[in-house]
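Novice: Taken in sequence, the protein lines are chains A and B.
So the first sequence is numbered by UniProt numbering: it starts at 1 and just counts up by one.
So the second sequence is numbered by UniProt numbering: it starts at 1 and just counts up by one.
Calculated directly from the structure, the hints in this document are not laboratory data.
Since we're looking at a predicted model, the values are computed, not measured.
The beta-carbon is built from N, C-alpha and C at its ideal position, and this holds for glycine as well.
Heads up, none of these hints are tricks.
In silico contact screen, one side only, chain B against chain A (beta carbon under 10 Å); selected entries: (1) Phe71; (2) Leu73; (3) Ala142; (4) Ile143.
Which bits of chain B does chain A cover? Going by a derived footprint, with three or more residues having C-beta under 8 Å, they are: (5) 59-67; (6) 180-190.
With a Cα cut of at most 30 Å, we get these calculated BS3-like pairs of lysine-lysine: (7) B:Lys331 <-> A:Lys182; (8) A:Lys23 <-> B:Lys140; (9) A:Lys221 <-> B:Lys65.
Protein chains: 2
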Amino acid sequence: MRIVIVGGGFAGINLAKGLAGDKNFDVTLVDKNNYNFFPPLIYQVATAFLEPSSISYPFRKLFRKNENIHFRLGEVLSVRTEDNVVVLNNGELEYDRLVFATGAESNYFGMENVRKNAIPMKTLNDAIEMRNKLLQRMEKAAICKNSRERRKYLNIVVAGGGPTGVEVSGMFAEMRNGILRKEYPELSTSVSNIYLVDGGDALLAPMSKKSQKDTYEALEKLGVIIKLNTRVVDFKDDTVYFHNGETIQSKNLIWAAGVSAKTFDGIPETSYGRGKRFSVDGYNKVANTTNIYALGDTSIMEGVDSAFMGGHPQLAQVAIQQGTLLAKNLKRELKNEALKTFKYNDKGSMAIIGKNKAVADLPKPEMHFKGFIAWIMWLFIHVMSLIGYRNRIITAYNWMIAYLSKDQSLRMIIRPDKSRKKGEVNPD
Amino acid sequence: MRIVIVGGGFAGINLAKGLAGDKNFDVTLVDKNNYNFFPPLIYQVATAFLEPSSISYPFRKLFRKNENIHFRLGEVLSVRTEDNVVVLNNGELEYDRLVFATGAESNYFGMENVRKNAIPMKTLNDAIEMRNKLLQRMEKAAICKNSRERRKYLNIVVAGGGPTGVEVSGMFAEMRNGILRKEYPELSTSVSNIYLVDGGDALLAPMSKKSQKDTYEALEKLGVIIKLNTRVVDFKDDTVYFHNGETIQSKNLIWAAGVSAKTFDGIPETSYGRGKRFSVDGYNKVANTTNIYALGDTSIMEGVDSAFMGGHPQLAQVAIQQGTLLAKNLKRELKNEALKTFKYNDKGSMAIIGKNKAVADLPKPEMHFKGFIAWIMWLFIHVMSLIGYRNRIITAYNWMIAYLSKDQSLRMIIRPDKSRKKGEVNPD
Numbered sequence: 001m002r003i004v005i006v007g008g009g010f011a012g013i014n015l016a017k018g019l020a021g022d023k024n025f026d027v028t029l030v031d032k033n034n035y036n037f038f039p040p041l042i043y044q045v046a047t048a049f050l051e052p053s054s055i056s057y058p059f060r061k062l063f064r065k066n067e068n069i070h071f072r073l074g075e076v077l078s079v080r081t082e083d084n085v086v087v088l089n090n091g092e093l094e095y096d097r098l099v100f101a102t103g104a105e106s107n108y109f110g111m112e113n114v115r116k117n118a119i120p121m122k123t124l125n126d127a128i129e130m131r132n133k134l135l136q137r138m139e140k141a142a143i144c145k146n147s148r149e150r151r152k153y154l155n156i157v158v159a160g161g162g163p164t165g166v167e168v169s170g171m172f173a174e175m176r177n178g179i180l181r182k183e184y185p186e187l188s189t190s191v192s193n194i195y196l197v198d199g200g201d202a203l204l205a206p207m208s209k210k211s212q213k214d215t216y217e218a219l220e221k222l223g224v225i226i227k228l229n230t231r232v233v234d235f236k237d238d239t240v241y242f243h244n245g246e247t248i249q250s251k252n253l254i255w256a257a258g259v260s261a262k263t264f265d266g267i268p269e270t271s272y273g274r275g276k277r278f279s280v281d282g283y284n285k286v287a288n289t290t291n292i293y294a295l296g297d298t299s300i301m302e303g304v305d306s307a308f309m310g311g312h313p314q315l316a317q318v319a320i321q322q323g324t325l326l327a328k329n330l331k332r333e334l335k336n337e338a339l340k341t342f343k344y345n346d347k348g349s350m351a352i353i354g355k356n357k358a359v360a361d362l363p364k365p366e367m368h369f370k371g372f373i374a375w376i377m378w379l380f381i382h383v384m385s386l387i388g389y390r391n392r393i394i395t396a397y398n399w400m401i402a403y404l405s406k407d408q409s410l411r412m413i414i415r416p417d418k419s420r421k422k423g424e425v426n427p428d
Numbered sequence: 001m002r003i004v005i006v007g008g009g010f011a012g013i014n015l016a017k018g019l020a021g022d023k024n025f026d027v028t029l030v031d032k033n034n035y036n037f038f039p040p041l042i043y044q045v046a047t048a049f050l051e052p053s054s055i056s057y058p059f060r061k062l063f064r065k066n067e068n069i070h071f072r073l074g075e076v077l078s079v080r081t082e083d084n085v086v087v088l089n090n091g092e093l094e095y096d097r098l099v100f101a102t103g104a105e106s107n108y109f110g111m112e113n114v115r116k117n118a119i120p121m122k123t124l125n126d127a128i129e130m131r132n133k134l135l136q137r138m139e140k141a142a143i144c145k146n147s148r149e150r151r152k153y154l155n156i157v158v159a160g161g162g163p164t165g166v167e168v169s170g171m172f173a174e175m176r177n178g179i180l181r182k183e184y185p186e187l188s189t190s191v192s193n194i195y196l197v198d199g200g201d202a203l204l205a206p207m208s209k210k211s212q213k214d215t216y217e218a219l220e221k222l223g224v225i226i227k228l229n230t231r232v233v234d235f236k237d238d239t240v241y242f243h244n245g246e247t248i249q250s251k252n253l254i255w256a257a258g259v260s261a262k263t264f265d266g267i268p269e270t271s272y273g274r275g276k277r278f279s280v281d282g283y284n285k286v287a288n289t290t291n292i293y294a295l296g297d298t299s300i301m302e303g304v305d306s307a308f309m310g311g312h313p314q315l316a317q318v319a320i321q322q323g324t325l326l327a328k329n330l331k332r333e334l335k336n337e338a339l340k341t342f343k344y345n346d347k348g349s350m351a352i353i354g355k356n357k358a359v360a361d362l363p364k365p366e367m368h369f370k371g372f373i374a375w376i377m378w379l380f381i382h383v384m385s386l387i388g389y390r391n392r393i394i395t396a397y398n399w400m401i402a403y404l405s406k407d408q409s410l411r412m413i414i415r416p417d418k419s420r421k422k423g424e425v426n427p428d
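All chains, full assembly: derive it from the sequences and hints.
Specialist: Written out as structure tokens, the structure reads:
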């Protein structure tokens with residue numbers, strides 16, 4: 001049976017792993033990158049605490065011992081469901097079962113200026129772009145004579161009070177209090193503010209009230225200015241505009257405020273549900289299709305799982321469990337065994353705030369942790385989840401050094417040298 | 001005394017270090033990157049054995065404890081010698097002494113097609129570009145049905161038989177024999193050749209005959225096809241053209257065949273010597289100037305040093321020793337002490353061939369090493385030269401892993417995501 005998996009994130013990887021070594025399945029994993037990466041840590045790459053390679057791993061290496069798993073670098077353009085063919089930007093693939101595990105992408109809610117000028121936080125490339133841009137702007141601030149202008153380079157507005165927004169703004173606050181003062185003597189007297197804004201009335205909305213309160217207090221203590229019930233409506237002329245008429249002067253808007261699913265040509269409109277996510281049944285089969293599946297963030301399973309009748313949260317654990325279950329169900333199908341419907345096993349959630357504080361909620365038994373103990377839990381769980389022995393060691397080592405020295409050493413502005421061929425100087 | 005140093009390579013860094021902490025000097029280091037990097041190892045970044053951060057270090061961090069050393073991100077456009085002002089792309093700086101430590105850049109000898117299409121090997125950005133391009137081309141080869149076309153993606157031509165060319169072609173040969181076969185089953189029956197071409201009649205021209213012979217034999221054993229007395233004259237339509245009429249079909253031409261110095265507006269023509277390098281006296285002062293100096297690769301000191309009357313080789317050791325000496329001479333000048341002329345202390349030279357072979361020539365006593373023992377010497381000297389404790393550990397660790405596993409794990413195609421804003425797919 002030919003399986004084409006589109007997307008090598010948590011869901012896609014776990015499905016492929018589940019089918020690895022079973023000769024009944026000929027699996028092709030399609031991804032636009034040649035590597036899997038670990039999204040919970042991209043904010044650490046963005047703030048120069050971790051190398052991209054510490055949180056990513058090449059697909060070909062991951063599956064090199066599995067002859068029935070093939071990798072294909074490419075992007076899906078459309079699907080010809082009548083022929084069972086998926087059309088890529090560089091060829092076509094036939095399938096017996098097609099699985100979308102394409103995740104979610106940044107949603108700018110139609111705000112064109114935000115899309116063009118804000119810095120997103122979804123992919124590893126986003127993280128590297130952010131690292132480079134912020135470092136370049138600090139250098140520009142260092143030679144800027146006008147204090148009003150200088151503040152625009154230094155102020156940072158983070159939109160979105162979910163884990164990414166909380167983690168990245170906490171990290172910025174730590175950096176401002178440490179590195180900025182040590183290494184930029186030109187800026188020692190400058191004011192720079194870090195804002196965290198969210199349209200809702202709490203940070204980390206899906207977590208417990210206790211975690212929300214601890215997070216709010218910890219970020220305020222670090223000097224982050226938190227604005228709740230505040231929505232971004234525009235971003236132009238170095239100014240972030242909010243729905244209530246307020247503005248903040250800044251060149252740096254970090255966008256972690258929303259995600260949307262990706263739609264594909266050739267899939268019937270009726271297959272999509274809320275938020276353009278693929279509407280799936282209890283086996284993750286897409287509505288109004290016979291052999292197409294969708295997993296994780298890009299799917300929505302309504303009316304199946306008793307505790308989550310409105311659909312599951314878009315979390316790594318859901319994607320992992322759905323990928324694993326689909327592998328088992330595909331095997332059961334071949335053996336004519338009864339399939340199992342999906343039931344989410346909530347293992348809890350956590351977020352890190354700054355260098356050595358975190359919050360964690362566990363569901364069974366219901367418990368809440370905060371501070372250093374939650375940070376150690378976070379560290380342990382995240383390092384253990386990283387693919388590959390090498391990545392784990394390097395990551396643990398980097399964290400240990402960063403923790404001991406309150407410092408990060410990866411602040412190189414590195415990018416392909418576009419200037420060489422065009423004769424330009426120092427592009428931004 | 002205001003010192004402006006242009007370029008933070010071996011020469012510039014060593015001059016700045018020599019002046020660090022001396023209140024008589026107010027030093028500004030100007031560089032177009034915000035980091036120092038270690039050129040002898042960029043071929044390891046290019047072949048995905050080392051992370052960029054393992055061989056680079058931010059200037060601001062390097063000098064953060066030295067109040068008299070300032071960093072300025074920028075590029076020199078011209079010099080107004082009459083006003084003692086250097087004009088940057090983002091401002092101006094006044095100086096009492098101006099020091100050029102600008103190194104050398106790739107020289108394409110006027111071949112426009114080579115400049116546009118070949119992959120250079122001088123900067124860290126070059127190395128990352130090479131890593132990304134070659135990985136993308138391997139993926140393209142993997143889906144290419146036409147065996148003739150496929151070979152164009154896989155053949156690699158390395159131009160230049162100096163240390164960089166030798167090291168990079170040896171590394172490619174190791175990769176072909178290892179990773180390519182393991183991770184690209186699609187290519188297992190494909191032929192891919194690695195060519196090393198040089199216009200002269202020996203590899204590693206400045207080294208001993210013994211080292212040249214050992215290198216030649218070791219590379220041949222790895223399967224590298226060596227063509228001496230062969231000059232590239234053009235590179236177009238996926239074909240490398242040579243002066244003798246031969247051609248090789250390939251998309252991949254790595255350019256390590258020559259360097260040239262950079263000239264600056266405002267410096268009199270009469271200040272430049274052979275190869276447009278700044279003509280300097282025994283104190284590295286530029287001819288026909290009163291307060292401008294040049295160090296390392298970008299300078300040529302003729303008729304001074306008895307063993308090197310025609311000028312010194314363009315090597316790291318020369319740059320380091322000239323930077324160190326100039327710092328001392330500037331201090332002597334302030335104290336009205338006699339200055340010392342430069343005398344190069346040759347510590348020997350070495351090159352690595354593949355994973356665990358190297359050649360080394362020592363001058364005093366004259367000795368030649370090869371094989372594993374030379375490799376260990378090479379490793380020790382290079383790791384010890386890396387700036388920063390962290391870099392040393394990570395580098396040593398990566399090498400150990402690569403050596404034990406004959407593998408490299410950094411094969412991620414990572415680049416700023418240009419496609420996001422333009423709606424393009426998978427640009428190459």
